[in-house]
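J.: Sequence:
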Amino acid sequence: MYSVLYYLKVNKNTTKTNKSDRFSLRKRLKSFHYAFNGIKNLIKNEHNARIHLVALICVIGLGIIFKIELTEWVAITIVSGLVILTELLNTAIEKLADFIEPNRNEKIGIIKDYCAGAVLISAVISVVVGGLIFIPKIIECLL
322 MYSVLYYLKV NKNTTKTNKS DRFSLRKRLK SFHYAFNGIK NLIKNEHNAR
372 IHLVALICVI GLGIIFKIEL TEWVAITIVS GLVILTELLN TAIEKLADFI
422 EPNRNEKIGI IKDYCAGAVL ISAVISVVVG GLIFIPKIIE CLL
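Under this note's numbering, the first residue of the sequence shown carries the number 322, and numbering increases by one thereafter.
Mixed in with the good hints, there may be bad ones.
For each label pair, taking beta carbons as the anchor points, the in silico distance ranges come out as [stated by the list, open to error]:
#, residue 1, residue 2, range
1, ILE399, VAL375, 18 to 26 Å
2, LYS361, GLU422, 24 to 32 Å
3, ASN426, PHE357, 29 to 37 Å
4, ILE460, LYS361, 16 to 24 Å
Derived by calculation from the structure, the hints in this document are not laboratory data. C-beta: ideal position from N, C-alpha, C; glycine also.
Given these sequences and hints, build the entire structure.
T.: Right under this line is the structure:
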């Protein structure tokens, strides 16, 4: 923890704006590169993210097969985005925590548990929404 506080103290003056920090389309496009790189790394390195991606592909396939309505697509998009967002934030916080404290730490463990809980809640919400959309359509097909 000391090293983080020291870093912030030493680098407190690095946030001043100068002429080279003006708006630049090239810099904005570069920021998209970093964002997509983060998503790529998430899928490449995190098993749970790959599970979520496979589930999303299955849901998109079911949505096409059952010809779901626009509002249903919107709901699927929102909950899918929520799951991916929480997985990204969970992974970022876990990596940062591991960087700050590589040894097992009870307080950091609790923080990681909170993050994992957020991912679980978003995944459960997405399953509920998916069930509300697809179960009636599946039952209709079976009858």
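J.: A separate judgement is required for each hint: does it hold in the structure or not?
T.: Against the structure, the hints:
no. : hint                         : result
1   : ILE399 to VAL375: 18 to 26 Å : holds, 19 Å
2   : LYS361 to GLU422: 24 to 32 Å : holds, 27 Å
3   : ASN426 to PHE357: 29 to 37 Å : holds, 32 Å
4   : ILE460 to LYS361: 16 to 24 Å : violated, 38 Å
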